[in-house]
Each structure stands twice: as C-alpha cells, then as structure tokens.
Amino acid sequence: MQGIETVFNKHTDAEFSSIALSNVSSTFKATLTMPDDVIIPENPTVTAKGLGKCFDLGKAEVKGQKVTIPFTLKPGMTDYKILKDAVVSTGQVSEDRTNNSLISVQIDGLKLKDTVADGQKVTITGDVGGSFSALARDNATLKRFSFTWKGKQTPEGKDEAATSEGIQYTLMMSKPTVFNLPGDLLVKKGQEGYDTTHLAVYPIDENDTLTFKGQLDISPIKKQINFLADGQGSTTNIALEQVKSSFIAKIEIPQGLEIPNSVQATLTENDLFKVTDVSKAGNVITVKMDLKKSYTQFDDLLKDVNAAGGDGSILNVEIPGIIVKDDTSGKEFVAKGQVEGSFYGVAKKEETSRVFNFTWKAQQRPDGKDVRQGQEDNNTIQLTLALPEKFDLPGDILIGDDTEHDALHKVKPGELLEFTGRLDVTSIKDKINLLKSSYGQDTSKIKTDNVKSTFVAKLEIPEGLEIPDVPTATLTNNDLFEIKNGDVSKDGNQIVVKMTLKKDYSKFDDLWRDVNAVPATLDLKVPGIKVKDNLVDGTKKTVLGHVEGKFEGTATSDSGKMQNYHFKWIGKQTPDGRDFILKGTDSESIQYTVVVNRESKPTPEPDHSKPTSPTVWFLGFPEETNQGKLNLDDHYAYMKGYPDKTFGPDRNMTRSEVAMMFARLLKDRPEANKVYTMSYKDVSKNSWYAYAVSYLSEKNLIMGYPDGTFRPDNAISRAEFAAIAARFDKLGVGSDLKFNDVGKNYWAYNVIASAAEKGWVSGYPDGSFKPENKITRAEVVSTTNRMLNRYADLYYAKVHKDDLAPMLDMDEKHWAYGPVVEAMNGHDYQRKADGKNELWMQLNYKRFTFPLAPSGIAQ
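So for the sequence shown, the working numbering puts the first residue at 14; every next one is plus one.
Source of the hints: derived by calculation from the structure; they are not laboratory data.
All C-beta atoms, glycine included, are put in the ideal place defined by N, C-alpha and C.
Treat each hint with caution, since some may be false.
[Unchecked claim] Pair ranges (Cβ atoms, derived):
no.: 1; residue 1: Lys658; residue 2: Leu212; range: 16 to 24 Å
no.: 2; residue 1: Ser30; residue 2: Thr58; range: 34 to 42 Å
no.: 3; residue 1: Ala242; residue 2: Asp69; range: 48 to 56 Å
no.: 4; residue 1: Asp340; residue 2: Asp536; range: 38 to 46 Å
no.: 5; residue 1: Ser572; residue 2: Asn296; range: 30 to 38 Å
no.: 6; residue 1: Thr299; residue 2: Ser144; range: 50 to 58 Å
no.: 7; residue 1: Gln237; residue 2: Asn446; range: 50 to 58 Å
no.: 8; residue 1: Thr722; residue 2: Thr487; range: 39 to 47 Å
no.: 9; residue 1: Thr393; residue 2: Glu476; range: 55 to 63 Å
no.: 10; residue 1: Thr58; residue 2: Pro333; range: 37 to 45 Å
[To be verified] With a Cα cut of at most 20 Å, we get these calculated PhoX-like pairs of lysine-lysine:
no.: 11; residue 1: Lys574; residue 2: Lys460
no.: 12; residue 1: Lys76; residue 2: Lys23
no.: 13; residue 1: Lys826; residue 2: Lys811
no.: 14; residue 1: Lys42; residue 2: Lys76
no.: 15; residue 1: Lys465; residue 2: Lys515
no.: 16; residue 1: Lys680; residue 2: Lys694
no.: 17; residue 1: Lys538; residue 2: Lys497
no.: 18; residue 1: Lys257; residue 2: Lys374
no.: 19; residue 1: Lys771; residue 2: Lys751
no.: 20; residue 1: Lys338; residue 2: Lys538
no.: 21; residue 1: Lys349; residue 2: Lys374
no.: 22; residue 1: Lys66; residue 2: Lys94
no.: 23; residue 1: Lys62; residue 2: Lys165
no.: 24; residue 1: Lys403; residue 2: Lys563
no.: 25; residue 1: Lys97; residue 2: Lys171
no.: 26; residue 1: Lys444; residue 2: Lys563
no.: 27; residue 1: Lys87; residue 2: Lys72
no.: 28; residue 1: Lys449; residue 2: Lys581
no.: 29; residue 1: Lys79; residue 2: Lys163
no.: 30; residue 1: Lys62; residue 2: Lys87
no.: 31; residue 1: Lys316; residue 2: Lys305
no.: 32; residue 1: Lys263; residue 2: Lys349
no.: 33; residue 1: Lys293; residue 2: Lys349
no.: 34; residue 1: Lys449; residue 2: Lys574
no.: 35; residue 1: Lys316; residue 2: Lys306
no.: 36; residue 1: Lys66; residue 2: Lys42
no.: 37; residue 1: Lys658; residue 2: Lys814
no.: 38; residue 1: Lys165; residue 2: Lys79
no.: 39; residue 1: Lys72; residue 2: Lys42
no.: 40; residue 1: Lys257; residue 2: Lys403
Please construct the entire structure, taking both the sequences and the accompanying hints into account.
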C-alpha cells in the first residue's frame, strides 16, 4: 500500500481518490491439514473474524484430511481511497492486545476419534497464501501492482512440539476421569429440620414456604487432587496452569409449587467454590458454581480442596422461598435434582507436566433414597412431597340442647348465652384406626414422632350480641385435646379458641388409645355472650362458626416401616342441625340464629297456704320393702318408638307414658289374677295404660288430682320428673342448688337438688333449670339411664346399626342417640372397669313388659 502512495506521490484522502484502480484482484486461502485421528464433518461450519470491509469468506472445501477456506476481495474497489479504507478496516485485537491486525478463522465440528489414546499427541498444520494485483492510473501515469504472500509462524505462538518453522498446533489427548459423586435432595419448611424422604413422604400444606437443599459429597474430588501429590515429596515447587472447575446443579420443582421471581441460592461457606449464577427457566432452577480463585501454586489448591465441606466433605446448596400453591387433597409432588461438573488443570514440576482432568455427575446416596423410588432406580436424585388428605367434620352450634333447626331460639334482652360448638370427630378416629390396622395385630412396638394436632374454632358474633372482655371456653373432658392458658382470645367480633394435644406422644398405642377414648362428639362451650338490652322485639342475630384443624405425625415400626399420618379438616354443618333460616337449603354454613322475644311469663310464686302441689303425683317407694325397686340388673328395652318407626325425641312425655315406663322397670309385679281398683274418672279400663295406673295407685306409688282425675295425656314438667327421679334413691340432705330460677321456697327445690347432686338432671347454660318446661322423651331416657346406670356401647351400635330398633328421626349426630339406643334395645353386657361404661356382648331383643289385666285390658 505504501508503494502505491510513493509511486504516485499522494498523501491525503483527497489525493488518494484521484488514483483510479482497474483489474483489481486479490485472493488468499487458509488450509488446515488434519491427521487421520481427526474426524472432519462433510460441511464444516466456518466463521472468520477481522475481515472488515475488505474480504468475503468463501465456502470451505474438504478433501481428505484437508480443509481449505478461500477469501476474496469485495467488489467495488474503483479507487485507491476505497481500497485503503477497506484494508484499514481489517483485523482484530490479539489476546495479549499487542496486535490489532489479526484475521482469524474457526472451524467447528471437528472431533477426535475414540481410538485416540490418553496422552497421545495430535498435530494440525496450517498453510496460508494469497496474491494481489491491480492497474493504477493518475492522469498520464499508469502503473501495475502485483504481489503474493505466504503465512509464517509467529515466534510467540510457536508450537512447543514443532521441529520446523511451519505453522502447526499440537494437542495432547487428555481423557477425563469420570466418576459419580454421592448426592441427595432434602427439604424443610420454616425452622424445622431437613428431611430426605427416605422413610416417608414429606408432609406439606398449602402456603407452606419450603427450602430445598442439594447435598453433594465431594470426597472423590479430594481424592483426585490428593492423588497428584502422591510420590512427589515436596509439593511447594509444583506450579499450576489453566486451572478451571465448575459444576452446575439443577432442581426441577414440580408444578403446584411456586418459584420466586428473584430466586436465590447459598453455598456452604468454603474457600474453593462460589455461586456465580442462579437462574430459573420454567420450573427448573439452575445454580452455577465456579472456583473462587485463580490458582498458580498446587499447595494453595490442595489446601482449599481439602478444607472444602469440612470433615464430612459435604457441600450444600440451599434454595429458599419455594411456596406451595396447590391444595388438592392428598396430592403428591416429586422434585428432582441433577449435578454435573468438571475439574481441569496442568501441574508442572521442573520439566514434567501432569494434566488433571476429571468430570462427575451426582448419584443418589443410598441412605437418602426417596421412599417412592423404585428398587431398580438407584441413580435419580429425588424427593416426594404430599399434601394432607382433607375431609369434612360434621358440626353444629347449640344453646343448651337446642340446635335451632325447627324454630329460632328465643332470647331476652340482657340474657347471658352459652353457645356450644359441637363437632363429630369420628372421621379423625377412623384415620388413626386405619393406620393402626395397616401395621397388623401387634402395634405395641410402634414409635411415633413429631405428633402435632391443632383445632381452631372461631365464633363470629354479630353486632347486638356482646363478647365479654375476657372470653372463656371449656372443652368436653378427654385425654387428647385441651385448651391451654392464653388460647382463648377475642379478635374483633370473633372469639378464637385454639385446642392442642395434651401430651407428647412417643408410643403409637398411647396415641391410639387416647384418640379412641375421645367421645364421638366434642363440645366446646363458650359462655357469657350477652344479648344487648336495646334490641327490639323480633330482632334476629346470627352467630357463625368456623372450625379447621390438622393432625400429623410419623409412625415407625421396629422393622423400620414408617408412615406419615397427615390430614386436615373443616367443620361443615350437619343437616339435622341446620339453622332454621336455612332450612330447605343445602347450606353447609355452621350458624345459629336467635330472635329477641321481650314477652316474659315469670313463674308465679307458689301458694304455700295450700297443700303440696297437685302435680306431685308420684309418691315414691317405701325403703323398708322391695316394693317399688327398679330393675338395675337386666338391660332390657323399656321404651318403644312409634308405628312410623320414629322415636320422637322432642315430643313431650305424658303422665300415662311415664307411669307405664316405670311400671315396666319395677322388680315387683301385680298379684296373679288380681284386679286393681281404678279410682280416676278420666281413665277408661280399656286404655293401654289403665292396668299400670291402677296398680301403681293402689300401691300408693302414684296419685291423681283432688278433682278425681289422673289427666293421663298431660305432659310432665321438668320439676315433676326430677321429683320422680329423686325418689328412687335417698333424698340428698343439705344439697346446695345453684339454678338461678329455683328458689328455696319452690315446692320441688329439695328433690331437684338431690337429683342434680346425683348427676341425674342438669340445667341450662344460662344457669337456669326451667322447672316448668315440659320434659321431652329424649330428656326422659337420658335421665332414666343415669338412674339405672345404663350407658350404650356406641361402637357396638355402629357396627350393628341395622339390627337396632328403628328410629328414622335420629342418627349418631343427635345428642341423645346413645341414651335412646340404650333404652330401646335389649342386650347382654359386661360392665367395664370404670364401673360405668358397658361392653355389649349381643342384642337379646328382650323387653321390660307389664302384664295384661286379668279382664283382658291391654297393657
């Protein structure tokens, strides 16, 4: 180029443009000759850098083991200035930045044959040559320029193995040592410990925040590096070159779990590796780790390698913030991990060089193998997560025994209410029993760990009902759940009650026993809810109930079999207790509506100037004889249902029905063929109860009214029945009655107090007894069973439900179901050790009866 400028004596761009060029031609070729050990693709991919605006890259030509790459001058070089600018644009900067005029070419797809041995040298030679010619004219001056060139090896890049001045590059095959690193994938939630899911799937729940940990045993890497030092004596003078190492960990997060947008990862603190990149693509998290330092001395590398991972040689990568978004009942998720990496370098000592080159992949560690993994799969790193099994528990809200299903519950301004939240926990018991059955007969050696269970019940109190400043709550007495101090709180218009396990369990049988001892229904009583004084008559207020809970733990047999029990529940309204305002709907909302009723009908003060109340019609039994004693030994049926196969639990009990019931229960029986005088003008001798009434009257066990009537169809009040109950035992002396509506001057005060003291009768949550209220059939059998010390075996009743006397209007959810089953079904039994509960042996279908009247009067 300088020769052209000198011949024409031109030195500026304007002058260069005056030199016209014609017949311009320039080509050169680069040829690489490969040994037979190199496989060359038929159409190799070739890229070139530094061609600028001067040359075009032609199509590579493959002949045998030679690859020729042609370059041609771009068209349009019509004057010298254009040519010079094109030439100046060529070149790229060298790696040492000492030369900016380099043109480079790269051939991709070359591959060494598998037969090349480790340590074998392979030499590739290069040849570059080209030519340039052009006719230059400036006015009358015409000059032809023509020259050729040939590539020559630069001294600084000369091949160490070269024996001539030719261009060449020698490779030495270094096949990497390939091995596996033991690895595992673990998981935890919150501050819990990590779990390998080796013995059981890991329980998770919706909205849990999880941390995954990839664990890698790097002791094989340490072994390889330490092997380099073996037999070297002192390693202080071993130098290193080209040291590089990295590994990539990938965790495949299952669908249903959410990866944060800014995913993070932390690596066990060490001086060797560091996290250089964390990314996510779809549901895969990729973590890249590289060396922290550039190593030039072997001793420095050896020190950091041996210290990495501590004594256990374990590196952990933790990825937090994974959130569970799915809530499908019982669904399982599988997360998988992959790790691969490499280590390369050249160690030099004096004139000897030694390459260390190895790669690895992670392989599942046996002691962390996922419980769901097949026996034949010992490589895949994975773990299994499981959402809890979810189900509904039947629930209801009551005041006293009133479910408010058939009518709104009437309240008065200023009245204090006690709400009862009732929950049927049978499904919880069934789950634990199913787990027990999966272990076979003997479960005495099963251990249980991490047992946790929580109930949270919320009562949402509407405006118009007032929550006490310090709400309280009590739970049905049981050995499993309790309300701890501080677990009853007020949150705005809600009363929140938390119930947790009473004990820490280590033996499964202890847990199973306590679970099965829990009553089928648990009652949570919340007292002290006041009806505001300013509510107008007819105002309706609805209390809402919310219940949710969970039960979880692990059970492990002595053989190592491990199972998680992990389930949660939500309370749903029982149909038979559905709020009256929702009657006829399928609503599952647990709620209870009260209506303000300002009308008050106070109980009149009794007239003590008159004889004992005429309603005291049952006199009781003389203590000195066996006459009038009840049969406490035989558990025969003493109550009947109605022809439509219902029991009518909420129907009142009449005087005639009560007389017949107690007549059947007496040990004493009428004398054979004796006709007893009927002294009541309103009882026909053909009435079904006539013989019983006449017998009991002649024995002075019952009496009628002063007007000569018995009034057989009159319903009995609660006070009258308490009087009956009290007289079957000695009357309590000095009993302190605490019902707020029964004064000491009330005619039945003493008998109610005596019956209450024995546990036969009870009052209402507001502290009242409501003595003048008519007693129902359900209340009668409940009290009578307590008098007779009779308590149904509900487990037997459940198993033999189809064999029981029919009662289509009652099921297990009814509060009086057990007492009615006891009263309507004759059975053989054994008394349990507690002196109360029964173990039914069989139904005997026997009934207490009262004999027919000699005249043929029906009983």
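So, going through the hints one by one against the coordinates:
{"no.": "1", "hint": "Lys658 x Leu212: 16 to 24 Å", "in the structure": "52 Å, violated"}
{"no.": "2", "hint": "Ser30 x Thr58: 34 to 42 Å", "in the structure": "39 Å, holds"}
{"no.": "3", "hint": "Ala242 x Asp69: 48 to 56 Å", "in the structure": "54 Å, holds"}
{"no.": "4", "hint": "Asp340 x Asp536: 38 to 46 Å", "in the structure": "29 Å, violated"}
{"no.": "5", "hint": "Ser572 x Asn296: 30 to 38 Å", "in the structure": "37 Å, holds"}
{"no.": "6", "hint": "Thr299 x Ser144: 50 to 58 Å", "in the structure": "51 Å, holds"}
{"no.": "7", "hint": "Gln237 x Asn446: 50 to 58 Å", "in the structure": "56 Å, holds"}
{"no.": "8", "hint": "Thr722 x Thr487: 39 to 47 Å", "in the structure": "46 Å, holds"}
{"no.": "9", "hint": "Thr393 x Glu476: 55 to 63 Å", "in the structure": "59 Å, holds"}
{"no.": "10", "hint": "Thr58 x Pro333: 37 to 45 Å", "in the structure": "43 Å, holds"}
{"no.": "11", "hint": "Lys574 x Lys460", "in the structure": "10 Å, holds"}
{"no.": "12", "hint": "Lys76 x Lys23", "in the structure": "45 Å, violated"}
{"no.": "13", "hint": "Lys826 x Lys811", "in the structure": "12 Å, holds"}
{"no.": "14", "hint": "Lys42 x Lys76", "in the structure": "14 Å, holds"}
{"no.": "15", "hint": "Lys465 x Lys515", "in the structure": "10 Å, holds"}
{"no.": "16", "hint": "Lys680 x Lys694", "in the structure": "28 Å, violated"}
{"no.": "17", "hint": "Lys538 x Lys497", "in the structure": "15 Å, holds"}
{"no.": "18", "hint": "Lys257 x Lys374", "in the structure": "17 Å, holds"}
{"no.": "19", "hint": "Lys771 x Lys751", "in the structure": "14 Å, holds"}
{"no.": "20", "hint": "Lys338 x Lys538", "in the structure": "35 Å, violated"}
{"no.": "21", "hint": "Lys349 x Lys374", "in the structure": "14 Å, holds"}
{"no.": "22", "hint": "Lys66 x Lys94", "in the structure": "13 Å, holds"}
{"no.": "23", "hint": "Lys62 x Lys165", "in the structure": "19 Å, holds"}
{"no.": "24", "hint": "Lys403 x Lys563", "in the structure": "9 Å, holds"}
{"no.": "25", "hint": "Lys97 x Lys171", "in the structure": "31 Å, violated"}
{"no.": "26", "hint": "Lys444 x Lys563", "in the structure": "12 Å, holds"}
{"no.": "27", "hint": "Lys87 x Lys72", "in the structure": "15 Å, holds"}
{"no.": "28", "hint": "Lys449 x Lys581", "in the structure": "18 Å, holds"}
{"no.": "29", "hint": "Lys79 x Lys163", "in the structure": "18 Å, holds"}
{"no.": "30", "hint": "Lys62 x Lys87", "in the structure": "15 Å, holds"}
{"no.": "31", "hint": "Lys316 x Lys305", "in the structure": "13 Å, holds"}
{"no.": "32", "hint": "Lys263 x Lys349", "in the structure": "8 Å, holds"}
{"no.": "33", "hint": "Lys293 x Lys349", "in the structure": "15 Å, holds"}
{"no.": "34", "hint": "Lys449 x Lys574", "in the structure": "13 Å, holds"}
{"no.": "35", "hint": "Lys316 x Lys306", "in the structure": "13 Å, holds"}
{"no.": "36", "hint": "Lys66 x Lys42", "in the structure": "18 Å, holds"}
{"no.": "37", "hint": "Lys658 x Lys814", "in the structure": "14 Å, holds"}
{"no.": "38", "hint": "Lys165 x Lys79", "in the structure": "19 Å, holds"}
{"no.": "39", "hint": "Lys72 x Lys42", "in the structure": "11 Å, holds"}
{"no.": "40", "hint": "Lys257 x Lys403", "in the structure": "52 Å, violated"}
Violated hints for the displayed structure, listed by number in ascending order: 1, 4, 12, 16, 20, 25, 40.
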